[in-house]
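**Q** Please arrange chain Y with the ligands on chain G, whose structure you already have, making use of the hints.
Chains as they are written, first to last, in full-length UniProt numbering: chain G, 1 to 152; chain Y, 1 to 720.
The hints are simulated quantities; they were obtained by calculation from the structure and are not laboratory data. Remember, predicted model here, so these are calculated numbers, not experimental data. All residues carry an ideal CB built from backbone N, CA and C; glycine is no exception. Be aware that a few hints might be false.
If you anchor each label on the Cβ, the simulated ranges turn out as follows [said to hold, decoys possible]: (1) Y:N714 / G:D66: 37 to 43 angstroms; (2) Y:E185 / G:K114: 58 to 64 angstroms; (3) G:E123 / Y:S537: 26 to 32 angstroms; (4) G:D122 / Y:N450: 34 to 40 angstroms; (5) Y:L99 / G:D122: 41 to 47 angstroms; (6) G:E14 / Y:I257: 30 to 36 angstroms; (7) G:K114 / Y:R559: 35 to 41 angstroms; (8) Y:N714 / G:L121: 21 to 27 angstroms; (9) Y:D295 / G:S65: 28 to 34 angstroms.
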Amino acid sequence: MANYNLQINGKQMEVDVDEDTPLLWVLRDHLGLVGTKYACGIAQCGACTVHVNGEPTFSCVKPISDVANEKITTIEGLSKDGDHPVQKAWDEVDVAQCGYCQAGQIMSAAALLKKNPKPSLDEIDEGMNRNICRCGTYHKIREAVALAAKTK
Amino acid sequence: MADITKTNRRDFLKIAATATGGLLIGFYWSSCDSPKVKVLSIEEVLNKAHNFNSFLSISPDGDIVIYSPNPELGQNIKTSFPMVVAEELDADWSKVRVLQAPLDTDKFDRQLTGGSGAMPHSWERLRKAGATAKYLLLAAAAKQLDVDQATLTAEKSVVIHKSSGKKLTYGELVEAASALQAPEEVLLKDPKDFTLIGTPVRNVDNKDIVTGKPLFGLDFYREGMMHAMIQRPPFGKKIKSVDDSEAKAVKGVTDVIQYDNFVAIVGKSTWPLIKAKRRLKVTYEADGNVESTADHDRIMKELLDSRDARVMRSDGEVDKAFASAAKVITSEYQCPFLPHAPMEPMNFFAHVKGEEVELIGPTQTPDAARMQTAALLGIPKENVTVDITRLGGGFGRRLRADYVIDAVEVSKRINAPVKVTWTREDDMIGGAYRPAVRYRFSAALDEGGNMIGYKLRGVGLNAGNSVRQDNFPSGAVPNVLIENINYDSTVTTNAWRAPITNFLAYAEQSFLDEVALAVDKDPVKFRLDLLEKAKSSPVGAVNYDVDRMIGVIKDAAERSNWGKDNNVKQGFSVYFSHRSYVAQVANIEMVNGQPFLKKIIASTDCGIVVNPTGANHQVRGGIVDGMGHAMFGNLVFEDGSPKQKNFDTYRLIRMKEVPDIDVNYIDSGFEPTGLGEPALPPTGGAIANAIFAATGKRLRSQPFIEQKEFSDLNLQMFRS
Ligand code: FES
Ligand code: FES
Chain G
1 MANYNLQING KQMEVDVDED TPLLWVLRDH LGLVGTKYAC GIAQCGACTV HVNGEPTFSC
61 VKPISDVANE KITTIEGLSK DGDHPVQKAW DEVDVAQCGY CQAGQIMSAA ALLKKNPKPS
121 LDEIDEGMNR NICRCGTYHK IREAVALAAK TK
Chain Y
1 MADITKTNRR DFLKIAATAT GGLLIGFYWS SCDSPKVKVL SIEEVLNKAH NFNSFLSISP
61 DGDIVIYSPN PELGQNIKTS FPMVVAEELD ADWSKVRVLQ APLDTDKFDR QLTGGSGAMP
121 HSWERLRKAG ATAKYLLLAA AAKQLDVDQA TLTAEKSVVI HKSSGKKLTY GELVEAASAL
181 QAPEEVLLKD PKDFTLIGTP VRNVDNKDIV TGKPLFGLDF YREGMMHAMI QRPPFGKKIK
241 SVDDSEAKAV KGVTDVIQYD NFVAIVGKST WPLIKAKRRL KVTYEADGNV ESTADHDRIM
301 KELLDSRDAR VMRSDGEVDK AFASAAKVIT SEYQCPFLPH APMEPMNFFA HVKGEEVELI
361 GPTQTPDAAR MQTAALLGIP KENVTVDITR LGGGFGRRLR ADYVIDAVEV SKRINAPVKV
421 TWTREDDMIG GAYRPAVRYR FSAALDEGGN MIGYKLRGVG LNAGNSVRQD NFPSGAVPNV
481 LIENINYDST VTTNAWRAPI TNFLAYAEQS FLDEVALAVD KDPVKFRLDL LEKAKSSPVG
541 AVNYDVDRMI GVIKDAAERS NWGKDNNVKQ GFSVYFSHRS YVAQVANIEM VNGQPFLKKI
601 IASTDCGIVV NPTGANHQVR GGIVDGMGHA MFGNLVFEDG SPKQKNFDTY RLIRMKEVPD
661 IDVNYIDSGF EPTGLGEPAL PPTGGAIANA IFAATGKRLR SQPFIEQKEF SDLNLQMFRS
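Same shape as in the complex, but just chain G:
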């Protein structure tokens, strides 16, 4: 066990966990930030996507010891009132079916738009291909990313 000081959503947080504990489980089990989801645990689906220094990162395979001094943003900290352009577009387009993958989708989309504010449809497809949606909401995801890019 070791003590880690973390910077999450602009706040200092402290946890006492084994160094190999993935960020995902620190968020969920130790910090009560359950918006970040577990679905595969092996960097295949994107449900656990968070931002580490702005980079979209699969938190399920990111040991806590790697991110101790980095700036971490989760879905809970993406905006103050759920009004990030991507979140608003997700509501407007009504993207979610079951909704389980959507926090990861939104974090991927927000990172994509930060890097590329006016992506083409192909670039949206490319950028969002890491995230699986078992319910098949891909058409609406595409639409919502395009809308968020427009309204930004």
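**A** Same frame as chain G, but now just chain Y with the ligands:
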């Protein structure tokens, strides 16, 4: 202070004032013909009334609460049910709050998610709930304004007296309304006057979803709660030995418990359990058939020739028809076992407190969870409560309560509240799959190219009945024989979105294409001609509506420009399941000499479309699901266990692989039928038929990409 009104119908209305002076309405159903008129207190309405189906309350400040009894897993029921109530109530939708109701079989009816059956079951009941409340509000307003009730109208939670311009809000009226006698009959709206139904209404949980609020079972935590994971055996095996020394040594693990054929690892958080599970050494020995895919293939092929098939339907004289045929076509189709793989893995919270149990989590059948828990512990079902969280997908997997029982077993043993979580690997290898099935189709054709005989024999591994004997083309062919053979495999199976038809439709629609081509007929014309026969000279039972099926076929053909563009190779498919009709056309275009799956055009008749945004979700989602699994889905068994254990080897369809999907709905005016499943079955057939049209290769097994016919096609799935 409340009253109940007897009606001469089978459904009764209860009205009560709420503690805050609001109006509370519920319906219950009974087979009793002459119920006693009885006054119920609010507590009685809330707690003792029978079979509530819907439940709404209006508070004096105008807030409306509608309880949604059915589990929500993405089918959008939590939005569309309340929409129906609000429509008849003329409620201001922005003031409606929807709450998930816990399991309560006394209050609610059919509290489960499966079979696309919720909307057809509840449509009229929900409408009556809304219409009755509105009637009472209008009656109260009529009294207050001293006008004839017929001169009043309602709009967005406001009652309006047009000629005087006077207005009263629902909030101002609830107290008076709750003291009134409910009507014997209520008038429902003419569907053409709907203002909310038929408009796109967004998911009521959107805000919570996009901000990451704890909605799902896996998000449930409670002070003092333990975590557990379960090691499950391969199929057909039992535990021989357990070495838990290394697992127990993992920091954070508090217990390793062996019971029955399982080993539970218990700890204070999730990560130590995942680590311990990797270090747990369990050896197994055979305890029944230890099967592999090679065994499954052999068994299904052998059984297709078995003499012990169960006849499911027989019309005319099939042997004679085949003996006299000018041409006979026979083909076999096969599909593998498939996991449901919802994004949220199986999980449940249980707290066994002596004779009482608290259950919380994602389930499609809360009542099954309760009954099995009660049976396991030998306690009355009333001692078990079930709270339903949002479900991160289900696809039929959460119709089983095995993972609920895991939590109960562990909680009982450690005497503490516990949440059991399955890893993705547990989910993939833990069973209850879509069954594997092999079909043999035969068609007998006369000189004129007419189908005079049709045979279908299905062999399923734990599939129950793998055929749907009364589905089209039964009814359109004079001589029919449909048979089923089931094999008891040790591999467990379960309903999987559009059970059986999720594969049968592809096989059948591909085979019909083969027959059409053999008689040189256009596939659409071939189907329409058969349907004309089902109409003019039906043979045996015809359990589908011929005109509605013709309707979707014609619409899909027209909108896809069927057969008119030589550069587009098209595949057709149509299927009736779960009371809805869906036709689909897959378009393959040649781009730089390579076939490219560009578009799927779908035409759906599900009666009245309650919520177009929800409907589009279900149709497009169903097509994406059908396509993904037809293309990629495979589970290969070795030594009693699947080789694919996670999404690195089990391929799910991704963003770049989905074609454009164009959807349309037939305005047939029928009452709404479900949409969670019906769009999925036709997809595999439409794609396979388009691939044939483009390349001359017939894909007779799934997944397509693993067939040798497919490997040299170079089919471009990616969007341009
Ligand atoms: S849970 Fe991390 S990528 Fe799937
Ligand atoms: S909305 Fe269900 S997995 Fe994406």
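**Q** State, for the Cβ atoms of L99 of chain Y and D122 of chain G, whether the hinted interval 41 to 47 angstroms holds or is violated.
**A** holds, 42 angstroms
**Q** Do the Cβ positions of N714 of chain Y and L121 of chain G conform to the proposed distance bound of 21 to 27 angstroms?
**A** Roughly 23 angstroms apart at Cβ, these two residues keep to the hinted range, so it holds.
**Q** State, for the Cβ atoms of N714 of chain Y and D66 of chain G, whether the hinted interval 37 to 43 angstroms holds or is violated.
**A** holds, 41 angstroms
**Q** Between the beta carbons of D295 of chain Y and S65 of chain G, is the distance compatible with 28 to 34 angstroms?
**A** violated, 46 angstroms
**Q** Go ahead and decide if the range 35 to 41 angstroms is satisfied by the Cβ distance of K114 of chain G to R559 of chain Y.
**A** holds, 39 angstroms
**Q** Do the Cβ positions of D122 of chain G and N450 of chain Y conform to the proposed distance bound of 34 to 40 angstroms?
**A** violated, 49 angstroms
**Q** Is the gap between the beta carbons of E123 of chain G and S537 of chain Y within 26 to 32 angstroms?
**A** violated, 57 angstroms
**Q** May I ask you to test the hint 30 to 36 angstroms on the CB atoms belonging to E14 of chain G and I257 of chain Y?
**A** holds, 33 angstroms
**Q** Confirm or reject the claim that E185 of chain Y and K114 of chain G have a C-beta distance inside 58 to 64 angstroms.
**A** This hint holds: roughly 59 angstroms between Cβ atoms.
The structure is inconsistent with the numbered hints 3, 4, 9, although it conforms to all the rest.
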